[in-house]
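Undergrad: We have chain A; now place chain B onto it with these hints.
2 protein chains.
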Amino acid sequence: MVLIDQDGSGPGGSNQMAMMVLLQSPRAEVLGITMVSGNAWEPEEVQHTLRMLELIHRTDVPVVPGAIFPLVRTEEESKVQQQLYGTFPWYGAWGDLAATTSRQPYHGPYVVPKLAEGEPALKPLAEDAAHFLVRQVHAHPHQVTIYAAGPLTNIALAITIDPHFAELTQGIVIMGGSLSPQTGDPEFANNPRHEFNFWFDPEAAHITLRAHWPRIDLTTVDISIKTGFTKEMLGEIARSPNPGAKYLAAYTGEFYYLWDELAAAAWLDPAIITKEEKLYVDVDLTRGPFYGDTLSWTSANKPQLDLQLVHVQQDLDLPRFNKLFVELMKEPPQPGSPVN
Amino acid sequence: MVLIDQDGSGPGGSNQMAMMVLLQSPRAEVLGITMVSGNAWEPEEVQHTLRMLELIHRTDVPVVPGAIFPLVRTEEESKVQQQLYGTFPWYGAWGDLAATTSRQPYHGPYVVPKLAEGEPALKPLAEDAAHFLVRQVHAHPHQVTIYAAGPLTNIALAITIDPHFAELTQGIVIMGGSLSPQTGDPEFANNPRHEFNFWFDPEAAHITLRAHWPRIDLTTVDISIKTGFTKEMLGEIARSPNPGAKYLAAYTGEFYYLWDELAAAAWLDPAIITKEEKLYVDVDLTRGPFYGDTLSWTSANKPQLDLQLVHVQQDLDLPRFNKLFVELMKEPPQPGSPVN
Numbered sequence: 001m002v003l004i005d006q007d008g009s010g011p012g013g014s015n016q017m018a019m020m021v022l023l024q025s026p027r028a029e030v031l032g033i034t035m036v037s038g039n040a041w042e043p044e045e046v047q048h049t050l051r052m053l054e055l056i057h058r059t060d061v062p063v064v065p066g067a068i069f070p071l072v073r074t075e076e077e078s079k080v081q082q083q084l085y086g087t088f089p090w091y092g093a094w095g096d097l098a099a100t101t102s103r104q105p106y107h108g109p110y111v112v113p114k115l116a117e118g119e120p121a122l123k124p125l126a127e128d129a130a131h132f133l134v135r136q137v138h139a140h141p142h143q144v145t146i147y148a149a150g151p152l153t154n155i156a157l158a159i160t161i162d163p164h165f166a167e168l169t170q171g172i173v174i175m176g177g178s179l180s181p182q183t184g185d186p187e188f189a190n191n192p193r194h195e196f197n198f199w200f201d202p203e204a205a206h207i208t209l210r211a212h213w214p215r216i217d218l219t220t221v222d223i224s225i226k227t228g229f230t231k232e233m234l235g236e237i238a239r240s241p242n243p244g245a246k247y248l249a250a251y252t253g254e255f256y257y258l259w260d261e262l263a264a265a266a267w268l269d270p271a272i273i274t275k276e277e278k279l280y281v282d283v284d285l286t287r288g289p290f291y292g293d294t295l296s297w298t299s300a301n302k303p304q305l306d307l308q309l310v311h312v313q314q315d316l317d318l319p320r321f322n323k324l325f326v327e328l329m330k331e332p333p334q335p336g337s338p339v340n
Numbered sequence: 001m002v003l004i005d006q007d008g009s010g011p012g013g014s015n016q017m018a019m020m021v022l023l024q025s026p027r028a029e030v031l032g033i034t035m036v037s038g039n040a041w042e043p044e045e046v047q048h049t050l051r052m053l054e055l056i057h058r059t060d061v062p063v064v065p066g067a068i069f070p071l072v073r074t075e076e077e078s079k080v081q082q083q084l085y086g087t088f089p090w091y092g093a094w095g096d097l098a099a100t101t102s103r104q105p106y107h108g109p110y111v112v113p114k115l116a117e118g119e120p121a122l123k124p125l126a127e128d129a130a131h132f133l134v135r136q137v138h139a140h141p142h143q144v145t146i147y148a149a150g151p152l153t154n155i156a157l158a159i160t161i162d163p164h165f166a167e168l169t170q171g172i173v174i175m176g177g178s179l180s181p182q183t184g185d186p187e188f189a190n191n192p193r194h195e196f197n198f199w200f201d202p203e204a205a206h207i208t209l210r211a212h213w214p215r216i217d218l219t220t221v222d223i224s225i226k227t228g229f230t231k232e233m234l235g236e237i238a239r240s241p242n243p244g245a246k247y248l249a250a251y252t253g254e255f256y257y258l259w260d261e262l263a264a265a266a267w268l269d270p271a272i273i274t275k276e277e278k279l280y281v282d283v284d285l286t287r288g289p290f291y292g293d294t295l296s297w298t299s300a301n302k303p304q305l306d307l308q309l310v311h312v313q314q315d316l317d318l319p320r321f322n323k324l325f326v327e328l329m330k331e332p333p334q335p336g337s338p339v340n
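Just so you know, the sequences run in chain order A and B.
Okay, so the first sequence: first residue is 1 according to the working numbering, each after it adds one.
Okay, so the second sequence: first residue is 1 according to the working numbering, each after it adds one.
One or more of the hints may lead you astray.
Because identical chains share one entry, a pair is satisfied inside a single copy or across any pair of copies.
Here are the computed lysine to any residue pairs in the SDA-like style, where the Cα-Cα straight-line distance is at most 20 Å [to be verified]:
| id | residue 1 | residue 2 |
| --- | --- | --- |
| 1 | 123 | 331 |
| 2 | 302 | 83 |
| 3 | 302 | 89 |
| 4 | 246 | 119 |
Worth flagging that the hints you see were computed from the coordinates, not collected in a lab.
Here chain A stands alone, though its shape is the one from the complex (with noise of 0.2 Å):
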């Protein structure tokens, strides 16, 4: 069992091939997926991927809308910010996508422009992402991963309300942080601590990488960075007559690493990883340049605190992960899912 905590992309863009990854699988059981600003608006994200269940055949999955804002950090002051400590590559929905994708130019919080894919006539839950996500866990305690793929907001609104929360879990999939990438993109060079999602809600990233959970996997920009959507993977897809794969055919056209899809197949296929280290893991809160950073110590250096130990994955089967994603992209709807 997992829920699936995500912030969206455009039509069959990086996050909804994750959330694919274990909505086609047969061997998970997805119970509700939360959804979080990040990558983009939290509520225009809600409409692509009741879009995308709708189109994919997972219309029993219910969606449930999660927080617009991160706790903290606020786009005005990051803003200001950038004046003091630079830019970054990326910012999501705080960014102009059409910068650097094929999506809609800046827009506010609560604009949804109209959908490429078509409008869902499917409807998200009346409850808020942290409520679903306690009621969830302490229905099915123990047996509940959580994936958690954007910024952790929801996490940690839900650890908050319900100290519990964390413990009640099986353990938490994580896609966040970044340690020392070993790579010539410049997108990284200059900044070998920052990652997006940890950066767009610090606070939220300490709490929930302070919460005790029975397990904590991290996929890093280290790993992520090793793997990559091609043409050919596209191509290979394009050729099941499944649902799933239509839908990608006809709308996907993000060629980048496949970071929070790795998250999700290395929870199904442990195997995937070939080699990860047992870090302590942290973000910087103080509010200056490194802002959001992750921070990371071994047993020797550790502070005096009550941190968790983190399964940070460190390199993969590429040739394994490759097969196991594009033939879950090839996958028709689970058994027992409706048919639109």
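TA: Chain B only, in chain A's frame:
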């Protein structure tokens, strides 16, 4: 013409070898050595440096006492902060040197333990480092390079005393900072932006990096860890009958990265550096876990502030560097040097 601003190690240690790179080169005129606490306390360093000058027959070079404490960071606060932010493997004068080197256990700032290489008869100048630096640069306008291979306290004091100090030099060579070392050495994997000289006096590093130097060359951790002092190199040096080589053969024993030596050698022979990048560089002054860590930007993402472009060294011709380094260690005292 060069002014050496340097912290110090034990007899024949890395900092001593770096000074010898400049002292033994026929291409450098060393106007003086200003000392600063860092790898050891300044009063102890002064004695080791005076004795080194005696043993290598360069008592013509004045040694000038400099800052014993950083501008803002304190030993006491840093100890308390370890509980919150964890520990680093190296604290220089503030650590127990006996734990990781052949040097003395921890002692206070004004204690000078007995020197293994003998006590110097030579005395330091009765002038402080900052004023000496200002006076020398005014005496030789636009002709002096500052070689700064320790914490930058003395340099920051000189800049603050005389706002034209930096402009009147020919440039500054700094050993400091860390961007994203590509290494498996665990010392750097969990702290890619941490480097001791910047960390020890962050405010001084910030003042220095913001000043209007004609040119700034930076030797970071990233390139330094591509070098290393070996027993083979020492064996080759020990074949020389000259006093510098004899001093090293008798006292050196740290087979580690050649950080400061590279900064000095690359100034003498710029062809040692095969790759550099021009970046804007600064230091985090936020008093959190990244206090003193290196900030860097390209022109594409820099803050809207008066930052200086730095020549950040990235790769080197290692055989060329090793050859020059070993040759210089074997050199006789410069012509005209007094014979002790």
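Undergrad: Would you list, in rising numerical order, the hints stated earlier that this structure does not obey?
TA: Hint 1 alone not satisfied by this model.
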